[in-house]
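Letter by letter, the chains look like this.
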Amino acid sequence: MIEPGLYHMLFISTTLFFIGVYGFFTRRNLVTMLMSVELILNSVNLNFIAFNKYLWYDKMDGLFFTIFIIAIAAAEAAVAIAIIINLYRSHKSIDVENAEDLKY
Amino acid sequence: MPNATYIALIPLLPLAGFLMLGIFGRKYFKNTSGIIGTTLLLVSTVLALYTAYGYFFEYGKVDGIYQKLVPLKYTWLQFSEGVSIDMGIILDPISAMMLVVVTFISLMVHIYSLGYMKGDERFPVYYAFLGLFTFSMLGLVVSSNIFQIYIFWELVGVSSFLLIGYYYDKPSAVAACKKAFIVTRFADVGFLIGILILSFHSGTLDFNTLIATLTSPETAGYKSAAAASFIGVSALTWGLALVFIGGAGKSAMFPLHIWLPDAMEGPTPVSALIHAATMVVAGVFLVARLFPVFAISSPNALSLVGYVGAISALIAALIACTQTDIKRVLAYSTMSQIGYMMFALGVSKYGGEDGLGFTASMFHLFTHAMFKALLFLGAGAVIHYIHSNEMKDMGGLRKYLPITHITFLIACLAIAGVPPFAGFFSKEEILLAAYEHNPTIYWIALITSGLTAFYMFRLYFNIFWNKEAHVHGEHKGEGGFAMMMPLVLLAVGAAVAGFIPFGHFVSSDGKRLETAFHLQFSIAPVALGLAGIFIAMWMYKTENNKPDKFAASLSGLYKATYHKFYIDEIYTFITKKIIFNLIGRPAAWIDKNIVDGLVNATGNGTKDISEIIKGFQSGKVQQYAIYFLVSVIGLALLFIYWWK
Amino acid sequence: MSGSTVIFYLLAALTLVSALLAVTTRMIFRAAIYLLFSLIGIAGIYFWLQYEFIAAVQIVVYVGGIVVLIIFSIFLTQQAGEQLSKQKLGRQLFAALAAFCGLALVMLQLAQHAFVETGNKAIEPTVANIGNQMLGVDEGGYSLPFEVVSMLLLAALIGCIVIALKSKPETE
Amino acid sequence: MNLSLLILLPLLTAVAVLLVRNAKQVKVAALAGATAQFVLAFVLLFAYYKERATGNAAQMLFEQRYNWFPSWHISFHLGVDGISVAMILLTAFVVIAGVLVSWNVTKMTKEFYFLLILLSLGAYGFFISLDLFILFFFLEIAVIPKYLLIGIWGSGKKEYAANKLALMLMGGSALVLVGLLGVYFSNSAQSFDLLQLSQLNIPIQTQMICFPLLFVGFGVFTALFPLHTWVPDGHSSAPTAGSMFLAGISMKLGGYGCLRVATYIMPEGAKEYATIIIVLSVIAILYGAFATMMQKDLKYINAYSSVSHCGFVLLGIGMLTKTSMTGAVMQMVSHGLMTALFFAVIGMIYERTHTRQVSEMSGLLKRMPFIITVLFIVGLCSLGLPGLSGFVAEMTVFMGSWQHPDAFRRVATILACLSIVVTAVYILRAVTKTAMGPLTAGFEELKDATWNEKLAALILIAGIIAIGVAPFWLNDLVSPGAEVIMQKLSR
Amino acid sequence: MNDFLTLMKPELVITGIIFLLLFIKLGKGLKNETMLLVIQVLLLLNFLAGFFFNAEGTLFDGMYLTTNMIVLQKNILSLGVYLISLLFADWFKKSEHMPEFFMLMLSALLGMFFLISSGNLLMFFLALELSTIPVAAMANFDLDKKRSSEAAMKMILSSAFSSGILLFGISLIYGATGTISFAELPQQLNGSPLQILALIFLFSAFAFKLSIVPFHLWTADVYEGSPMAVTSFLSVISKGAVAFIFMATLYKVFQPMHAIWYNLVMILSIATMIIGNLFALRQQNIKRFLAFSSIAQVGFILLGISSNSIQGTTSVVYFILIYVFSNLAAFGVAAAIAAKAGRENIDDYKGLYQTNPFLSWVLALALFSLAGIPPTAGFFGKLFLLTAGASKGSYLFIIIAALNMIISLYYYLRVIRSVFMDKNDEPLDKIKIEPSAKLGLMICAAGIVLVGLLSWIYDYIQNLV
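Residue numbers (this note's numbering), protein chains in the order written: chain B, 34 to 137; chain G, 124 to 767; chain S, 512 to 683; chain D, 2 to 492; chain Y, 35 to 499.
Some clues are possibly wrong.
No farther apart than 27 Å at their CA atoms in a straight line, the calculated lysine-lysine pairs in the BS3-like style are these [as the list claims (entries may be wrong)]:
1. Y:Lys-286 with S:Lys-597
2. B:Lys-136 with Y:Lys-374
3. G:Lys-153 with G:Lys-241
4. G:Lys-743 with B:Lys-125
5. G:Lys-150 with D:Lys-455
6. G:Lys-669 with G:Lys-687
7. D:Lys-111 with Y:Lys-466
8. D:Lys-448 with G:Lys-150
9. G:Lys-153 with D:Lys-448
10. G:Lys-737 with S:Lys-597
11. B:Lys-136 with G:Lys-737
12. Y:Lys-179 with Y:Lys-374
13. Y:Lys-286 with Y:Lys-374
14. D:Lys-111 with Y:Lys-457
15. Y:Lys-464 with D:Lys-108
16. G:Lys-743 with Y:Lys-472
17. G:Lys-700 with G:Lys-687
18. D:Lys-111 with Y:Lys-472
19. Y:Lys-179 with Y:Lys-127
20. Y:Lys-466 with Y:Lys-127
21. Y:Lys-62 with B:Lys-136
22. G:Lys-150 with D:Lys-367
23. D:Lys-367 with D:Lys-448
24. G:Lys-293 with D:Lys-111
25. S:Lys-632 with B:Lys-86
26. D:Lys-158 with G:Lys-730
27. G:Lys-715 with G:Lys-699
28. B:Lys-125 with Y:Lys-180
29. S:Lys-599 with G:Lys-743
30. D:Lys-25 with Y:Lys-464
31. Y:Lys-180 with G:Lys-730
32. G:Lys-743 with Y:Lys-179
33. Y:Lys-179 with D:Lys-108
34. D:Lys-111 with D:Lys-158
35. Y:Lys-286 with B:Lys-92
36. G:Lys-153 with D:Lys-25
Residues of chain S placed beyond 10 Å of chain Y at every Cβ, according to the derived structure [said to hold, decoys possible]:
37. Phe-540
38. Ile-582
39. Phe-583
40. Leu-621
Hints listed in this document are in silico derivations from the structure and should not be mistaken for laboratory results.
Keep in mind it's a predicted model, so treat the numbers as computed, not measured.
For glycine and all other residues, C-beta sits at the position ideal for the given N, C-alpha and C.
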């Protein structure tokens, strides 16, 4: 096995990203869709950290970006869950395909 | 030089009458309009006579040649350098002559109508229209500019239209006026294009300049006109031929004559004025006006005039023999006589003795105006009395309508060419001219002349002799002074006009033309004429079955002529089947379905596309995300690999 | 091949496999747990990269916060044992294809790109350094973003309260 | 003469119409405004003559210029030459007549008059603009009032017609816009100023693209075949005054634009495309005439005949001679007056008989001599009777067209000439059927025109006759303008 | 510190208002009417304050920057928010959570201010999120309406997904260039494939926020489901803000890749116009209709942006100013009708003119302005966008754009037709408009008429560029 480096990290993050994307596309449950979003954000975090570590170690831009993304993710998740709960109240379901009144 | 003002007044007075009666007639001149119109025209007539007198005897002649004077010219519409429509007055022998003819006949008709149209509820309108017509016709004859003549040409057409349609609630009158307008309009397009051609090459619209340019081979205009050709015919000939088509339309030459018999739907005095004496000779006048160009520069066009005239003369005469409506007989006779005038021009040459045809044509025009007006007015008196146009309702009227009878007879004799009545002299000259220059036409003319005598006396006998009159109801006799005075005056004219030495005044080149009387030459036509008269007398003087037998023995020809050689049917076929069904209908259909259809299809297509693509907006948030990603990938591929 | 390499590969495998399971398993609670593992795996990679602070934040916020939030919401909205309804096969295939194409494209671009690295002296991502910079107002200071995030969190808080706390139940 | 007055007056009128209380006052205000504008148009005419008489040979008179959007080099630049003056006169005539015939509008009177005045504002502005941007601005101002006029006060398939009209006209103006932008960016000055542009030589490549855009764009307004289909539907659905304004004013915007904008600033392009223009306009002339022949509704008859008649405008422009262009402008003026009058008469008849089907009317002359006389006059004008304006205009076009010695243009001219027969056919069919013959049962009690209708008709007839009897004044007014365009063309 | 106060004045004022509202809410609270009045006054003051004590400069090591142009843009947004507070008074008064609503809205506005002023990608991202997440919550404010929560769900999920893509793009840029500062980025950008990929990832997020086709799909659903105030905030304020920063980013940061983004913008501009128009054609719901129409408007904005010139910037800002008036007027009328009659369907507007001429005229003005009909300001706005776009000389695009104006005219006229022409036996009753809403509508109407005719406004904007 090769010594892990930048490309390994990028491979992991990119794969993770598209796993998240795949999950976002296919999951019908809103909570699981939200989980997919978290995977996506995590892959981005990993990207930032990897770039920061391997390429741009003279500053901590990537690192800070990651920290703020985590904060944002939390806020976003909170609001999303609030919305989902509200949706559950009105729709009695959190299946995304049950909330398709608005279309065309 | 003459004073232009009073010459201008000649046409303007009737115009004033038209405006006055047309606008205020209904309200203020309900009963006096006839008097007003007639008075104005009387002034015009006096002025016209004065002008003619002045022209012929005082100032018209310079060095023995009648000049083409232009006392008035006003630029009306400037197209380009040198090319402009001018409103002007030209004074030359034919216009001076026409001024007299038009005003005189018109005056007669005005007076006659005082009696004939009495009590009509649209009396003022009638006189207004008469005024309009007279104005237009006078304007036409004094036109100094080819476009001016076209303008008045059209005005004459429209006044004719208005007068034919005077009895507007009669569907046949409506149809007739429409037909008259449209047929002549069709011919006018030819005239218009002819004007365009001639004016393009000569670089002018002014008659005098135009004639001068196109008759002198050294001018650039002449050269270009003679050089340019289309289907082997020079532009000049095309131009003249097209102008002649215009003339032929107005003068009811074959095959554009179909409107004329129908035009008899108008009041009879109108027929006398417009469709016999004045307007219909406009075509002859037009050719005469451009005669130098025809004669000098384009003999081909001139012989076209000649042949069309001859054929029209013959065909009309044939048809006239079988018609039973007296006004239609007169109409065909008019057509036939105009044919005479036309071919007289056609066989003429320019200048000198060879120009006899020109003089003869004008002479015939002049005399024809007298006796044809008389015939119509007489027929009007008959119709006024009997309330029918059909021969079968008439007969034996000579006792009831003595003045009419006599004057009518004079006119018949005149038209038949019996000496010493006016028609004899003019027809004689025509035949002579034809004899000298074109034997074919001469023979046609000769036959026609026999036929003329026949159908005229057929008419005469059928009206005044034949069966006994069975007049019902009360009648006030012949219609009073107003109607009789014109008859008498015209009869006098028809009787004596032939003695005017016409060649002294009117000739193709303005020089004096001595017209000798050739006894040996006139024997044939006179004899033929008399033969015609006697045949008619034999057949129609008393009620008998000879006409029917005769008709039966010639069944094919009779039928063909009775149906006017089916020309009307051919026209109907062309207009209904071809113009309407093959052009008009498809055009409307294409517009509605294809052109408009495309426009609508664009709109509907947009809507349809909008309907088709609505599926993208499926309401599924995951699908949105998929589209999102796919778009990103697609754009990335596009911009990374393809669109560098 | 050193031990750390092995650990890295193990962490990577843990992250990716549990991520994949998290988006495919039909038991929602398990999905949450797989997500948890995946997040922990990423935290492990941070550790492996010696970004301990980030790793800690990851554990605290994600594992301790978000995943818990998610599990709560699962409990609020669903029976834990219930199977998730299945997505249509067509959608699954299409989604997989799209995701794979994206993956291939991005990987290809990343692989073809010649990354340059800075030659400057590295900064140690120690907590002290991070803290100083986070609240610094002068050069390289991140206090403004910090304040912005705080406003965002405040707004999110207000929003959540309004939405999730229904003050009056509907009377119908 | 301050040209801004021509815009300000309608604006004030519009405001006045909005402010006054009841319908009566609205009408009075509108009529007062229209009359004032009418007078103003004559004041302009005489001021123009006076200025020319004093030897002012400038191309445009009474120029005014205010910077408007300096960053785009847009200025509010006004000025008139003879052509504009003629068009303004036309507008003034049609507006006052339109206001008069609408006297009986009871539905939403205020809005009706407001829109009429707004429409006239657009037309006035359009004809005096020397900056292409404001020209375009006024062109578009005039579109929506038409839409509303048809849609609200129209009859028949009014919504369809209104939509079609608005969309096609807007489509035309969209093309105009693109063409204008092309011109704008092709010249180094980046100017919208007509006079400035006319001094420049726009590259031929630009002309090849922008000329057709502009010409077709304006052509839509003036019923360029095959983009004329809004004309029949639009005209026939519109209320009387709406039709009058549409045919009398709005269609002229297009012709004016084709001449003043497209041809003037891009003469080489015009030359290149002349053949196509001529072919299309001859098709429009003949095809319009034949299509008219088959129509049964009076308004459709006049609408299709407008297609045919406006073909002469385009033919005159396409022939590119001074005479033909003069003729085109004269035809615009003439057709504007004539068709407005025609629609007015049709409106009067419709108001009384409640039908526009030719077949359902007959012998109306008996009951309404005034109206039918007007119908006759307008019909005769339409078929080109001398003494009325149509003749003068058409003949000028023909004479101008014939000035080219090449066979193609000759044939085109001859074909165009032939249309006058077809015109005679359809006009006479319609007019005689309506006016003459036995009176249709049920129409015995119809009344003749009222004072306002009479006044409207007389005003328009006065215009028609003034041109028909004395065309020289119009010719003298217009031909110097055409001369300028020719000079640019031959440079 | 003075610098800090003047440069960040707009943000500080907004923050101040947010906390003021928070304290009022947490304290005794006020009656809804009074509260609304207070808010309206505060927002008016905020708007007016935008005209004074402005300065240009940067703060926080270039993370925050402001220029007179940016101040103007913020003022436009403030004006929009003020108008929203006026126009939807009816809905606000009924709402239980009105102060919270304004807190969220102002937070979002704050986010937008930071967005416009952002000087690096981190600030940009945070501000973008700050301007999005509260709006998602706002979308759910019709708590008892199913559609409202569906809209909020769609918005939060879509925007989360879009943020993911954006962040991935940012991370790639960071990896490829080593910087996240707008000032340093241009030197590092060279148009390599990875950078193009990153640009497109980044672009998609802008496109998402601006509703550029094909990233627009959430728009109509969210607009339709959200309360009218939120819809108008989204379609006017949020769009305006993102357009400003989008333009700034493209012009300043991505200038080295101009050749690439020009084509991108052009294609998407055309696609946006066409799709927006085609969808708008068949809408029945007025909000959905306005959603698609605003998508089509964005296509025109892109056309202006594509010009990459001073004129482009000016015309975009000018257009957005006009757009604020026009679109808010349309939404305001729709809200007034929806509030009183509960109808949002265009067919319900039939015969509106008979009973409500004022609303009808304002609506007509607004729609004409949106359609670009003179003499409304929209004509000028659209024309200048087109002109700016045409300066690059692509006839085809301009023709397509011009033809799109016709399609758009068709559907705007459809509404006009309903209002003015169609007969209705049961037209809406005479609607009593809230005084403040009336004031708002009048301001909008005045803006629609005057902004175009008063050409100095355009020059003023141009002088700021």
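Evaluation of the provided hints:
no.	hint	in the structure
1	Y:Lys-286 with S:Lys-597	violated, 47 Å
2	B:Lys-136 with Y:Lys-374	holds, 25 Å
3	G:Lys-153 with G:Lys-241	holds, 11 Å
4	G:Lys-743 with B:Lys-125	holds, 18 Å
5	G:Lys-150 with D:Lys-455	holds, 16 Å
6	G:Lys-669 with G:Lys-687	holds, 22 Å
7	D:Lys-111 with Y:Lys-466	holds, 23 Å
8	D:Lys-448 with G:Lys-150	holds, 17 Å
9	G:Lys-153 with D:Lys-448	holds, 21 Å
10	G:Lys-737 with S:Lys-597	holds, 26 Å
11	B:Lys-136 with G:Lys-737	holds, 9 Å
12	Y:Lys-179 with Y:Lys-374	holds, 17 Å
13	Y:Lys-286 with Y:Lys-374	violated, 47 Å
14	D:Lys-111 with Y:Lys-457	holds, 19 Å
15	Y:Lys-464 with D:Lys-108	holds, 19 Å
16	G:Lys-743 with Y:Lys-472	violated, 38 Å
17	G:Lys-700 with G:Lys-687	holds, 20 Å
18	D:Lys-111 with Y:Lys-472	holds, 23 Å
19	Y:Lys-179 with Y:Lys-127	holds, 17 Å
20	Y:Lys-466 with Y:Lys-127	holds, 15 Å
21	Y:Lys-62 with B:Lys-136	violated, 42 Å
22	G:Lys-150 with D:Lys-367	holds, 16 Å
23	D:Lys-367 with D:Lys-448	holds, 10 Å
24	G:Lys-293 with D:Lys-111	violated, 46 Å
25	S:Lys-632 with B:Lys-86	holds, 12 Å
26	D:Lys-158 with G:Lys-730	holds, 19 Å
27	G:Lys-715 with G:Lys-699	holds, 21 Å
28	B:Lys-125 with Y:Lys-180	holds, 10 Å
29	S:Lys-599 with G:Lys-743	holds, 13 Å
30	D:Lys-25 with Y:Lys-464	holds, 26 Å
31	Y:Lys-180 with G:Lys-730	violated, 30 Å
32	G:Lys-743 with Y:Lys-179	holds, 19 Å
33	Y:Lys-179 with D:Lys-108	violated, 42 Å
34	D:Lys-111 with D:Lys-158	holds, 24 Å
35	Y:Lys-286 with B:Lys-92	holds, 24 Å
36	G:Lys-153 with D:Lys-25	violated, 38 Å
37	Phe-540	holds, 21 Å
38	Ile-582	holds, 19 Å
39	Phe-583	holds, 17 Å
40	Leu-621	violated, 7 Å
In terms of the numbered hints stated before, the structure departs from hints 1, 13, 16, 21, 24, 31, 33, 36 and 40, listed from lowest to highest.
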